[in-house]
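Asker: All chains, full assembly: derive it from the sequences and hints.
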Amino acid sequence: MVIDPIIIAQLLWLGLLRGSIYALMSLGLSLTFGVMRIVNFAHGEFFMLGAYISYFLLTFLGINPLISFISTFIVLGISFILGAGISRTFFSALRLRSGKEWIIDSFVLTLGLSVMLQNLALALWTPVYRGIPYLWNPSTLKILEISTTIDRIAILFGSLLAIFIFWYFLSYTFLGKAIRAVSQNEEAAKSLGVNENKIYTLTFGLSSMLASLAGVLLLPFAGAYPTVGVNPLLKSFIVVILSGLGNIHGAIFGGFFVGIIETFAIFYTEEGWNSVILLALLIIVLIIRPTGFFGKRVRYV
Amino acid sequence: MVRGFVMSKGTIKVLIPFFILAFIPPLINNSFITTLFISSLLFGTLGAAFDFSMGYAGLMNFGFAAYFGIGAYATGLATNYGLSPWIGILIAIFSGAFIGFIIGLLTGRLVGIYFAMVTWFFAETLRFTTANLEEITKGYRGLLVEHLPNIKLGNLIVDFTDVSAFSLYYFILALSSISIIVMYLLVRSRWGLIFRAIKDDEIATSVLGINIAKYKILNSMISGSIGSLMGWFYAHWIGIIDPDIFSTFQTVYIVSLAYIGGRGTLWGAIFSSFILTFIFQYLRPLLIIRMIIMGGLLALILIVFPKGLSGIWIFLKKGLK
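Protein sequence lines correspond, in order, to chains D and L.
Heads up: the first sequence begins at 1 in this note's numbering, then just goes up one per residue.
Heads up: the second sequence begins at 1001 in this note's numbering, then just goes up one per residue.
The hints are simulated quantities; they were obtained by calculation from the structure and are not laboratory data.
Don't be surprised by glycine CBs; every beta carbon is placed ideally from N, CA and C.
Please note that the accuracy of each hint is not assured.
Keeping only pairs whose Cα atoms sit at most 30 Å apart, straight-line, the calculated DSS-like set for lysine-lysine is [as the list claims (entries may be wrong)]:
{"#": "1", "chain 1": "D", "residue 1": "198", "chain 2": "L", "residue 2": "1307"}
{"#": "2", "chain 1": "D", "residue 1": "100", "chain 2": "D", "residue 2": "177"}
{"#": "3", "chain 1": "L", "residue 1": "1317", "chain 2": "D", "residue 2": "100"}
{"#": "4", "chain 1": "L", "residue 1": "1307", "chain 2": "D", "residue 2": "100"}
To give an idea of the interface, some chain D residues facing chain L are shown, with a C-beta separation under 8 Å as derived from the structure [said to hold, decoys possible]:
{"#": "5", "residue": "8"}
{"#": "6", "residue": "39"}
{"#": "7", "residue": "93"}
{"#": "8", "residue": "104"}
{"#": "9", "residue": "105"}
{"#": "10", "residue": "120"}
{"#": "11", "residue": "123"}
{"#": "12", "residue": "234"}
{"#": "13", "residue": "237"}
{"#": "14", "residue": "283"}
{"#": "15", "residue": "285"}
Sample of chain D residues facing chain L (criterion: CB under 10 Å; computed from the structure) [as the list claims (entries may be wrong)]:
{"#": "16", "residue": "97"}
{"#": "17", "residue": "98"}
{"#": "18", "residue": "153"}
Answerer: Quick look at the structure:
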């Protein structure tokens, strides 16, 4: 056991970074459940697509801060269109068929989508690991005895900004309020003139956008390969289950919480066991509180 | 009562496809095709055991690979410590039932998607644990498991060491038909009615004075012991197992079989397993394409034919009448 203020501060910083990515991923996952009642198993595939598209854009255009900035927006646009398209085709079609078993049916549909997208990436781009050395700037610096890189600061800054913009959008804009209205009471929202199909499309598009942003930000560290989204997916599932499915604020806090806990677990436990510890803890939490820490009583789960 | 039940018309109807299946490989007499038949039956029965939970009691077991893997590892470790595979079969079934009991106990208060998540995390925990316990399980280097020993019946030697032998095929056929018959009899009995009642409305069922937790545990235990029975066969058949036997993809494949075949039919999973195995084998040079096809087929089935391939079958039968 090493207890040293500098190491603890360093671990906290790394945990915060990890947590910001988890928060970004879980935000989208929670949103699709809250609004559309979809437990999206293909969420990690948007992380993967974000990483790939960003990789191809950056290797084609060259890496420099301005291009990284612009290409991020291009990736976000593409993944929004892709997510909205999937919602319009697959989920709209399933919604016509499915009734009481919607949650499980849509979950199995996302399983199919996940298998398809992952293997499509495998067929198109082979399992080769593709990475870039840095997104903005490779230099390291030391702030208050904590050593870090500009890229890492950019990750935290980027994801915090995205979370803030998203939170502002949900809280203060008309569309955001409409999304929340559908998530709270779909029938009432419909009767007030909210077009729920448009809201579904928008929600799924936004959720894929958030996942792909996580993929872009993590590209210099995680790289791009067909199964790159699997681990972030498992972690963001842990977060949303822990914080209660569909709870957006819970997902943000839960993301940082799990990120910090995991960083400490990796440092202080034997290699490979941290996932076991995290999952065992989660199973215990679920047994004690079946709807998570911040979860409300959800009816049709 | 039980005897009359076993010999009923329905049971015979369930057994007919197995009788037909018994004659096909010797007629074709091709060792490669026999291997495919063994594999189809193995995974089909896994799909049926998953269907026993999902299609009847509505328990979406997204960690089904846990049962399969625990059966394989139980017998793998037991035989490596010098026990006979025939004792291994008992250990495998017992450990599968035990895992089912634990899952049923843990998830007593959980429904629907939360049940799916906990079972998924459970299987992932088992995968990480077997990967980490390298001294015991050999981790990702893989655990070698001996083939089943030959049996001598007088002058006749039943050969179990050849992976494509007819004797192995008849053995899995027997295991598979026994499993299907047991599940079929159970879903036709009072238990089956209770499972379906739980699926339809849990609260209403509990109001009728039925101990829901007990029946959920029983369901998990039965599906678990059949899952690990198949794991036992798989380990001795393939000869090597690694922690990826617990992987999410394994579960996704089993879930796909049950969904593509049709939920709540038991037979559907075996049917779709045969179809998928042969389609996949035909597409062998295009290893990746077949996974895309499987994912697409799963999506298509859900959207267009919610009842799966067996739904098409029922539709055709009605059309003919």
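Asker: All hints, please: hold or fail.
Answerer: We went through each hint and held it up to the structure:
1. Between residue 198 of chain D and residue 1307 of chain L the CA atoms are separated by roughly 29 Å; this keeps the pair inside 30 Å, and the hint holds.
2. For a cut-off of 30 Å, the pair hint linking residue 100 of chain D to residue 177 of chain D stands: about 27 Å separates their Cα positions.
3. In summary, the hint linking residue 1317 of chain L to residue 100 of chain D is supported, as the alpha carbons are separated by about 27 Å, within the 30 Å threshold.
4. Simply put, residue 1307 of chain L and residue 100 of chain D have alpha-carbon atoms about 15 Å apart, close enough for the 30 Å limit, and the pair holds.
5. Of the supplied interface hints, the one on residue 8 of chain D is violated, with its beta-carbon coming no nearer than about 26 Å to a beta-carbon of chain L, more than 8 Å.
6. Using the Cβ-Cβ criterion of 8 Å, the hint placing residue 39 of chain D at the interface with chain L is satisfied: the shortest such distance is roughly 5 Å.
7. A cut of 8 Å between beta carbons decides the hint on residue 93 of chain D: the least distance to chain L is about 5 Å, and the hint holds.
8. Annotation: residue 104 of chain D was flagged as interfacial toward chain L, and the flag holds, the nearest CB pair being 5 Å apart, inside 8 Å.
9. The criterion of a C-beta within 8 Å of any C-beta in chain L is met by residue 105 of chain D, whose closest approach is roughly 6 Å, and the hint holds.
10. With its C-beta approaching chain L no nearer than about 6 Å, residue 120 of chain D sits inside the 8 Å limit, and its interface hint holds.
11. Given the 8 Å rule on beta carbons, the hint for residue 123 of chain D holds: about 4 Å separates it from the nearest Cβ of chain L.
12. Because the smallest distance between the Cβ of residue 234 of chain D and any Cβ of chain L comes to about 7 Å, under 8 Å, the interface hint for this residue holds.
13. This hint holds: residue 237 of chain D has a C-beta 7 Å from the nearest C-beta of chain L, less than the 8 Å allowed.
14. Interface hint status for residue 283 of chain D: upheld, as the beta-carbon distance to the closest one in chain L is roughly 6 Å, under 8 Å.
15. A hinted interface residue such as residue 285 of chain D counts as satisfied when its beta carbon comes closer than 8 Å to some beta carbon of chain L; here the least separation is about 10 Å, so the hint is violated.
16. Satisfaction of the interface hint for residue 97 of chain D is found here, the shortest Cβ-Cβ separation to chain L being roughly 6 Å, below the 10 Å cut-off.
17. Taken as an interface hint, residue 98 of chain D checks out: its beta carbon lies about 7 Å from the nearest beta carbon of chain L, inside 10 Å.
18. With its C-beta approaching chain L no nearer than about 32 Å, residue 153 of chain D sits outside the 10 Å limit, and its interface hint is violated.
Hint violations for this structure: numbers 5, 15, 18, all remaining hints satisfied.
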